[in-house]
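K.L.:
Residue numbers (the numbering used here), protein chains in the order written: chain A, 3 to 448; chain B, 4 to 304; chain C, 1390 to 1561.
By construction, these hints were calculated from the structure, which means they are not laboratory data.
Keep in mind that this is a model prediction, so the values were computed, not measured.
Treat the hints with care, as some may be off.
As the list claims (entries may be wrong) - Simulated restraints on C-beta separations:
| hint | chain 1 | residue 1 | chain 2 | residue 2 | range |
| --- | --- | --- | --- | --- | --- |
| 1 | A | Leu83 | B | Ala190 | 49 to 55 Å |
| 2 | A | Lys72 | B | Gly28 | 40 to 46 Å |
| 3 | A | Lys72 | C | Gln1540 | 30 to 36 Å |
| 4 | A | Pro18 | C | Gly1456 | 41 to 47 Å |
| 5 | A | Gly415 | C | Glu1516 | 44 to 50 Å |
| 6 | C | Thr1521 | B | Glu278 | 26 to 32 Å |
| 7 | A | Leu83 | B | Val265 | 49 to 55 Å |
Built from N, CA and C at the ideal position, the CB exists for glycine as well.
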Amino acid sequence: MATRWFGAPVQRQEDPRLLRGQGSYVDDIDLPEMLHAAVLRSTHARARILNIDTSAASAVPGVHLVLTAKDLGEVLEPSPLLVPHHALTQPRTQLPLARDEVRYAGEAVAMVVADSRYIAEDALLIEVEYEPLPVVHSLEVSSAENAPLVHADVLGNVAAHLVQSVGDPDSIFASAPHVIHETLLMDRGAAMPMECRGVLARWDAHDGMLTCWISTQGPIPIRNGLAAIFHLPEHKVRVIAPDVGGGFGTKIMMFYAEEVLTPFAAMRLGRPIKWIEDRREHFISANQERSQLHEVEYAFDDAGILLAVRDRFLHDTGAYTPYGIIVPIITACTLPGPYRLKHYYSEFTVLYTNKVPVSPYRGAGRPHAVFVMERIMDRIARELQLDRLEVRSRNFIQPDEFPWDVGLVYQDGGPTKYDSGDYQAGLEKLKALLDYDNFLGIGVGC
Amino acid sequence: MKPPRFQYCAPRLLDEALTLLDQHGEDIKVLAGGQSFVPLLNMRLAGPAYIVDINHISELHYIETEDGYLAIGAIARQRQIERSVLVQEKHPLLVEVIKHIGHMQIRNRGTVVGSIAHADPAAELPALLTCLNGEVLAQSIHGERVIKAEQFFTGYLTTALEPGEMLTEVRFPWILPQAGWSFMEFARRAGDYALVGAAAVLTPAPDDTCMSAHIAYLGVAGSPIRAHAVEQMLVGTTLDQRALDAAAEAAREIVSEDMSDVHATVEYRRTLTAELTKRVLKAAWGRRERQERQEQQRGEG
Amino acid sequence: MLERDDDFSQCVEECEIAVIVNGHRYERTVPVRLLLSDFLRHDLQLTGTHVGCEHGVCGCCTVLFNGEAVRSCLMFAVQADSMAVTTIEGTNSDLHPIQQAFQEKHGLQCGFCTPGIIMSVHAMLHEHPDPTEQEIRHELSGNICRCTGYQNIVEAVKLAAERLREQHMEVE
Chain A
3 MATRWFGAPV
13 QRQEDPRLLR
23 GQGSYVDDID
33 LPEMLHAAVL
43 RSTHARARIL
53 NIDTSAASAV
63 PGVHLVLTAK
73 DLGEVLEPSP
83 LLVPHHALTQ
93 PRTQLPLARD
103 EVRYAGEAVA
113 MVVADSRYIA
123 EDALLIEVEY
133 EPLPVVHSLE
143 VSSAENAPLV
153 HADVLGNVAA
163 HLVQSVGDPD
173 SIFASAPHVI
183 HETLLMDRGA
193 AMPMECRGVL
203 ARWDAHDGML
213 TCWISTQGPI
223 PIRNGLAAIF
233 HLPEHKVRVI
243 APDVGGGFGT
253 KIMMFYAEEV
263 LTPFAAMRLG
273 RPIKWIEDRR
283 EHFISANQER
293 SQLHEVEYAF
303 DDAGILLAVR
313 DRFLHDTGAY
323 TPYGIIVPII
333 TACTLPGPYR
343 LKHYYSEFTV
353 LYTNKVPVSP
363 YRGAGRPHAV
373 FVMERIMDRI
383 ARELQLDRLE
393 VRSRNFIQPD
403 EFPWDVGLVY
413 QDGGPTKYDS
423 GDYQAGLEKL
433 KALLDYDNFL
443 GIGVGC
Chain B
4 MKPPRFQYCA
14 PRLLDEALTL
24 LDQHGEDIKV
34 LAGGQSFVPL
44 LNMRLAGPAY
54 IVDINHISEL
64 HYIETEDGYL
74 AIGAIARQRQ
84 IERSVLVQEK
94 HPLLVEVIKH
104 IGHMQIRNRG
114 TVVGSIAHAD
124 PAAELPALLT
134 CLNGEVLAQS
144 IHGERVIKAE
154 QFFTGYLTTA
164 LEPGEMLTEV
174 RFPWILPQAG
184 WSFMEFARRA
194 GDYALVGAAA
204 VLTPAPDDTC
214 MSAHIAYLGV
224 AGSPIRAHAV
234 EQMLVGTTLD
244 QRALDAAAEA
254 AREIVSEDMS
264 DVHATVEYRR
274 TLTAELTKRV
284 LKAAWGRRER
294 QERQEQQRGE
304 G
Chain C
1390 MLERDDDFSQ
1400 CVEECEIAVI
1410 VNGHRYERTV
1420 PVRLLLSDFL
1430 RHDLQLTGTH
1440 VGCEHGVCGC
1450 CTVLFNGEAV
1460 RSCLMFAVQA
1470 DSMAVTTIEG
1480 TNSDLHPIQQ
1490 AFQEKHGLQC
1500 GFCTPGIIMS
1510 VHAMLHEHPD
1520 PTEQEIRHEL
1530 SGNICRCTGY
1540 QNIVEAVKLA
1550 AERLREQHME
1560 VE
């Protein structure tokens, strides 16, 4: 066995198992006496719930349990706010089942448990009387005057507002040779792992032990949370993340409604309960990300040196803020990028919309920032008719300028400081590797 | 996404299937390849009380050359036609079109007749059938009728089939040996439903001008459209740049106003239609066999 | 294709089937609406075949049906009566050269799409033992992967094809 691993190709231990189809993803686990759950989801983006009639569902042969909000007792609580922040003045989190109002199409309204998933889906004949309400379907609608309110007690749909500033951008803008203003939209996206979500819960009453297999990226915090929600000591709750078919951030969130409902049903029925999300559900109820609208102004000189940036953006958090506001904070702190930016004003407003909630997805706010900054670099190059890489080179933080303090407070409360780097060398190496000059078109992001 | 309940039958004889269709009228659906139908069931967008699986009716499993057309039976798989040496030789345009359908897993099960019966306006085979002025054979226990392509496709996922009827055969007319053909479509990714596509067959006259033109489009309306006006414009021309440009301009009008959706606006589809028109006509014309080559061949024969 | 000995011209909601999977004959009574993917995974405990979309787009459920790559989420178990199905569990007990190549070239990460891809590669190399990169990408266009970015999958297939040719191995 080699003693040097760096730079050596290392084969993975799990591959032979996975290549033979011997993986163990949550739906691969079947337990004796197991029952299957299906979730009824809102078909309206915003509506009042006037009445729910579950009698037809309960009457379907093979159905063991039908749950709505009124059946959840003290479990009917908003899920915990992960990552609070002083600027998040109006946080809101989701109930495991909607009670008075639905706030996005896909929100869980009821759960049915039956002998098979097929029967559980047959039994989603639950009559929900909705009163549709005007929908907040975009950042424009959300931020408009007299906009409908996603949460009745959140004025202007504003969940959070944060300003950070470095240097003196105002005076730079006043005297700069070139100033450009742009509107940049990054639209919603979803991680879409190949394996959808899933929960298998087993309650052993003799032992007082709750065991859950969950396709999650965060088994330990979920274990801690479930212990609190169900008033169990932590050593009596076990959450196992088996093989997970991709997460990318979507599965790091807690609590998804089903992560509470499935153990609840298992305890109620005394039998293992499995809920496997299908792709249609994943499209409408698994967390999404990316949606931001930036109004950015930037000042630069004749040599293409970026002098100052003023960025005001709207961040769409969807109907709830389970993950706080780390995504827009990361955007704000990442925007300067590898460039020498000493005068920078960042202001963001987090708005509620009637859409699936937003939580971190691969990049967690960085791609948005990089998109904005790299468009700035390209535009400067175009305006001054300079080479795009040359403009970037002229703006890089130089190796002898590290450690470089961006001057902003990061989402974890610490400073945003880069410890080292030689960006020019990296860019040159990349350029050579890519055979940069031989493409019809090429996108650049540093 | 599990399918709803249904009663299932898998007869081995066509008459048995037709009897079932007659018995159950609107409550029964035919299962052939299932590549379009089963997704609808899984999404619970379809919920027939009865499903008749025709995959075991061996008398429907054929690819036959007939006088005037290639006849394809209801359960011949798309992949079989793609691989058939007979069809590659005698109807290469059909093979070319089938290669564009979905992915290989879909073509392994999907049937040609099933795709025609499903009548998705973004599908390739309905457009080809329309282009070639082909026909379908519809049978019921009361008899059979032949329906021309342009009468068969009546709207989005809708055909002229009556309850109790099923398609048992599709007929793709032969292309004259001297005619040139081409098929092109534009999709964002391999296997996606195309936004717009065009199939063209052009036959040269002895003086090497265009004697007849057939061109049909997918993705431009609720059904495939045969562009008769564009065809008229091409007859007598040499398919020079002026003729191509004029045809492309005229083709834009074919795109229906209500074809705006999340995938493309009407204007974008019109732009695609114009561009594809030029390319497909140029390619088809380039494939034609010229008079002097034919005479040469005859001289050598 | 095997001869059927049951008569299905009567309409039923449940029936007995006999399916050959990876060379073994399994007899079961199943609801007619049971998808082939669910039958393999839960009735036969062959969980290597995965379910990603249930509408025929992602390829995770790819198995060989009478030797042809098909989407098992778009078939019913009853349609497999008297037919032969090959799943990932049937490819080999030791790692087949295809699987070995995937390990060497890091052609998988989470592994969820992998069995479907391996089955498609089996089908592809059987027909195209010497595929170009274009052909590989085209033939695998019916399988989606969210982890790898496909680069290493393509490399793995090239390596597998090369090794199989060297060994004069016929892909079954």
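K.L.:
Taking the hints in turn, state whether each one holds.
P.N.:
Hints, verified against the model:
1. A:Leu83 x B:Ala190: 49 to 55 Å: Because 44 Å falls outside the window, the suggested range is violated.
2. A:Lys72 x B:Gly28: 40 to 46 Å: holds, 43 Å
3. A:Lys72 x C:Gln1540: 30 to 36 Å: Given range 30 to 36 Å: violated, Cβ gap about 52 Å.
4. A:Pro18 x C:Gly1456: 41 to 47 Å: The hinted range 41 to 47 Å is violated for A:Pro18 and C:Gly1456, with Cβ atoms some 25 Å apart.
5. A:Gly415 x C:Glu1516: 44 to 50 Å: Check failed, 59 Å falls outside 44 to 50 Å.
6. C:Thr1521 x B:Glu278: 26 to 32 Å: Since C:Thr1521 and B:Glu278 have Cβ atoms about 27 Å apart, the given range 26 to 32 Å holds.
7. A:Leu83 x B:Val265: 49 to 55 Å: violated, 34 Å
The structure fails hints 1, 3, 4, 5, 7 (numbered hints given earlier, in ascending order).
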